[in-house]
Amino acid sequence: MERDTAVTKETSQEEAGASGLGWAQDQLYQLKADVGQIQQQMDQFQAMATQTMETLRTVEASLREVSLGASQTPRIQEELNQAVALIVHLQDQQVEQTERLDGLQRQRETEGGREQEEWSEVARRTEQLERSVATWHDRQAGVDEVGRRFQEGLSLLRQQIQQIEQRLESAETKAASGLEGANRAEHTLTQVEAAVEALQREDETLAERTRLAADVSHRLEVTMTEHLQELKRLELLADRIELHRAERQRLEDRALRLEEELGDLRERVEKGEEVRSRLSGQQQGLASRLDALQEHVTEQRTALAEQIRKLISTTDRTKRRQVQELERELREMKQYVADLAER
Numbered sequence: 001m002e003r004d005t006a007v008t009k010e011t012s013q014e015e016a017g018a019s020g021l022g023w024a025q026d027q028l029y030q031l032k033a034d035v036g037q038i039q040q041q042m043d044q045f046q047a048m049a050t051q052t053m054e055t056l057r058t059v060e061a062s063l064r065e066v067s068l069g070a071s072q073t074p075r076i077q078e079e080l081n082q083a084v085a086l087i088v089h090l091q092d093q094q095v096e097q098t099e100r101l102d103g104l105q106r107q108r109e110t111e112g113g114r115e116q117e118e119w120s121e122v123a124r125r126t127e128q129l130e131r132s133v134a135t136w137h138d139r140q141a142g143v144d145e146v147g148r149r150f151q152e153g154l155s156l157l158r159q160q161i162q163q164i165e166q167r168l169e170s171a172e173t174k175a176a177s178g179l180e181g182a183n184r185a186e187h188t189l190t191q192v193e194a195a196v197e198a199l200q201r202e203d204e205t206l207a208e209r210t211r212l213a214a215d216v217s218h219r220l221e222v223t224m225t226e227h228l229q230e231l232k233r234l235e236l237l238a239d240r241i242e243l244h245r246a247e248r249q250r251l252e253d254r255a256l257r258l259e260e261e262l263g264d265l266r267e268r269v270e271k272g273e274e275v276r277s278r279l280s281g282q283q284q285g286l287a288s289r290l291d292a293l294q295e296h297v298t299e300q301r302t303a304l305a306e307q308i309r310k311l312i313s314t315t316d317r318t319k320r321r322q323v324q325e326l327e328r329e330l331r332e333m334k335q336y337v338a339d340l341a342e343r
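For the sequence shown, position 70 matches number 70 in this note's numbering, and the numbering has no gaps at all.
Keep in mind the hints are simulated off the structure, nothing from the lab. Think of the CB as a built atom: it goes at the ideal place given N, C-alpha and C, for glycine as much as any other residue. Careful, some of the hints might be misleading.
Here are the computed distance ranges between Cβ atoms for each label pair [to be verified]: (1) Arg248 / Arg201: 22 to 32 Å; (2) Arg201 / Gln229: 40 to 50 Å; (3) Glu259 / Ala292: 49 to 59 Å; (4) Gln166 / Glu267: 27 to 37 Å; (5) Glu152 / Arg289: 35 to 45 Å; (6) Val323 / Gln166: 29 to 39 Å; (7) Leu330 / Gln166: 23 to 33 Å; (8) Thr205 / Asp239: 28 to 38 Å; (9) Ala194 / Ala246: 36 to 46 Å; (10) Ala246 / Arg209: 43 to 53 Å; (11) Gln229 / Arg254: 25 to 35 Å.
Could you build the full structure based on these sequences and the hints that come with them?
Structure representation (structure tokens):
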């Protein structure tokens, strides 16, 4: 009876150990599924980073178009320089006319009112010409100021693009660190799964040994029953009974050793549970870091898109106003030169 109770107890312990291993295996499978979800989130993050790089390339293309539009400015500047040269030539002519008028004034001080009126008209036209020259000087200064501001805007735009590239590099570095952590977690899970499989194999071996011990114990019980029946009939078999008692003691010692091995197996299962708990905590921390990183990248992408949109809109409006102003001034200058040529 005591032997049956011990065998039943060992069988219950084996079933409890097997159920505990099954639960640990289910938890490991769930943890692997969570790591797969984290990997999927990392893939989505890489896709968003790729989309951000494509947006940046689009902005660079727009900037190249702006630069192409700005490359037409030297042609306008060349025409303005030609106009300035013409104005300088007109100034020289005005100086010569002034000198001639001074000579005529000295020579014709005694002449009549008609010549005085003609001289006044010439002086008035000369003053108008001087005012026109001063106006063109002011316009030339305005054109130089517009060019300087345009160069400053381009420099600021280049600095902002460099800052955007630095932020994107930082985001890619953080994403690579997160991916490396996920790979390490997956490697650790693989090791734990291999350890659990080894424990399962050891448990199966121990179960087989326990079954064999139970069979042997059962056979020994039958044999001992037969021997007891024989001893009731034959008291001369006392030595053989003592031998069977020694065999029984050996089997009991072996059963005790099996119990110790089952205790070691339980300790291993508990250690596996502790490892699973630590991995679960690491996985939660990694998920929190990934959520924070994704939120930060989303905010940076929104701010970057807004800044780029504002910059493109402002640059486009400024470029159009500058080109319209230069074309208007060029038309006025050509009209003025044509009027001077007709006079």
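With respect to the beta-carbon atoms only, verify the hint that Ala194 and Ala246 lie 36 to 46 Å apart. Since the Cβ atoms of Ala194 and Ala246 sit about 43 Å apart, the hinted range of 36 to 46 Å holds.
Val323 paired with Gln166, Cβ distance criterion 29 to 39 Å: 33 Å, holds
In this structure, is the beta-carbon distance linking Ala246 and Arg209 contained in 43 to 53 Å? 21 Å, violated
For the range 35 to 45 Å, tell me whether the beta carbons of Glu152 and Arg289 fit it or not. For Arg289 against Glu152, whose Cβ atoms are near 41 Å apart, the range 35 to 45 Å holds.
Is the gap between the beta carbons of Glu259 and Ala292 within 49 to 59 Å? Taking Cβ atoms as reference, Glu259 and Ala292 lie about 50 Å apart, which means the hint holds.
Could you say whether the range 25 to 35 Å given as a hint is met by the Cβ separation of Gln229 and Arg254? 26 Å, holds
May I ask you to test the hint 22 to 32 Å on the CB atoms belonging to Arg248 and Arg201? 31 Å, holds
Within 23 to 33 Å or not, the Cβ separation of Leu330 and Gln166? Given about 42 Å between the Cβ atoms, the range is violated.
How does the Cβ-Cβ distance of Gln166 and Glu267 compare with 27 to 37 Å: does it lie in that range? 53 Å, violated
Quick check: does the Cβ-Cβ distance between Arg201 and Gln229 fall within 40 to 50 Å? 43 Å, holds
Is the gap between the beta carbons of Thr205 and Asp239 within 28 to 38 Å? 37 Å, holds
Hints 4, 7 and 10, counting from the list given before, are not met by this structure.
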